[in-house]
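Student: Take the sequences, apply the hints, and build the full model.
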Amino acid sequence: EPEVTQTPSHQVTQMGQEVILRCVPISNHLYFYWYRQILGQKVEFLVSFYNNEISEKSEIFDDQFSVERPDGSNFTLKIRSTKLEDSAMYFCASGADRDYGYTFGSGTRLTVV
Amino acid sequence: GESVGLHLPTLSVQEGDNSIINCAYSNSASDYFIWYKQESGKGPQFIIDIRSNMDKRQGQRVTVLLNKTVKHLSLQIAATQPGDSAVYFCAENPGNQFYFGTGTSLTVIP
Numbered sequence: 001e002p003e004v005t006q007t008p009s010h011q012v013t014q015m016g017q018e019v020i021l022r023c024v025p026i027s028n029h030l031y032f033y034w035y036r037q038i039l040g041q042k043v044e045f046l047v048s049f050y051n052n053e054i055s056e057k058s059e060i061f062d063d064q065f066s067v068e069r070p071d072g073s074n075f076t077l078k079i080r081s082t083k084l085e086d087s088a089m090y091f092c093a094s095g096a097d098r099d100y101g102y103t104f105g106s107g108t109r110l111t112v113v
Numbered sequence: 001g002e003s004v005g006l007h008l009p010t011l012s013v014q015e016g017d018n019s020i021i022n023c024a025y026s027n028s029a030s031d032y033f034i035w036y037k038q039e040s041g042k043g044p045q046f047i048i049d050i051r052s053n054m055d056k057r058q059g060q061r062v063t064v065l066l067n068k069t070v071k072h073l074s075l076q077i078a079a080t081q082p083g084d085s086a087v088y089f090c091a092e093n094p095g096n097q098f099y100f101g102t103g104t105s106l107t108v109i110p
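Read top to bottom, the protein sequences are chains A and V.
The first sequence: position 104 = 104 (my numbering), numbered continuously.
The second sequence: position 88 = 88 (my numbering), numbered continuously.
Derived by calculation from the structure, the hints in this document are not laboratory data.
There's no promise every hint is true.
Okay, the calculated bits of chain V under chain A, using three or more residues with CB under 8 Å as the criterion [what the hints assert, rightly or not]:
1) 34–48
2) 96–109
In the DSS-like style, the derived pairs of lysine-lysine whose C-alpha atoms are separated by at most 30 Å in a straight line are [what the hints assert, rightly or not]:
3) A:Lys-83 - V:Lys-56
4) V:Lys-68 - V:Lys-56
5) V:Lys-71 - A:Lys-57
6) A:Lys-42 - A:Lys-57
7) A:Lys-83 - V:Lys-42
8) A:Lys-42 - A:Lys-78
9) V:Lys-42 - A:Lys-78
10) A:Lys-42 - V:Lys-42
11) A:Lys-57 - V:Lys-68
12) A:Lys-42 - V:Lys-56
13) A:Lys-42 - V:Lys-68
14) A:Lys-57 - V:Lys-42
Positions of the beta carbon are idealized from the N, C-alpha and C atoms, including for glycine.
Tutor: Below is the structure:
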């Protein structure tokens, strides 16, 4: 069964450093998403991406965040200057259709120290 | 933001019993709903979905019920198995993105 692959599975970074979280969506999917989940809290929407541009973003997705699809297979989330409160699980998801359920990756656990 | 809440944060059931997990949503414009299962250390996994033009949908051992009048969604798991132990989220989509609930932790007692 097709999977969404995320790397690394765990990243530890110092506050103020830049991190890039990587995702390989399912190959025939057109819609891409990043969500995050702070420990013990609900999954929160960050951004959706379609046709090589951001289609929607939440209040969490401020100027410190950016997304990119540098080639035909990768989808990345960059945090320019990490803060302690950025510590969370970050999930990438992709979907063939905007209005149907997505497939999620297993997540990257980001720990900012 | 949207409010998708769950009535019970934890649920324990005996193996073989049926489980019912409930969810309240707030946006009457939501027309698509999904139940996700999240096992420890993994991403949310799609279980079953339902559109607002239906009030019931069945899958393998799972049934989702939608009551639009009271904005309530439930997930029924038949003959619950140890492998069903996980956190279950409902998510609603009013047309632009999915809003997730906090989750209910289901523990199956062997």
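Student: List, from low to high, the hint numbers that the structure doesn't satisfy.
Tutor: 3
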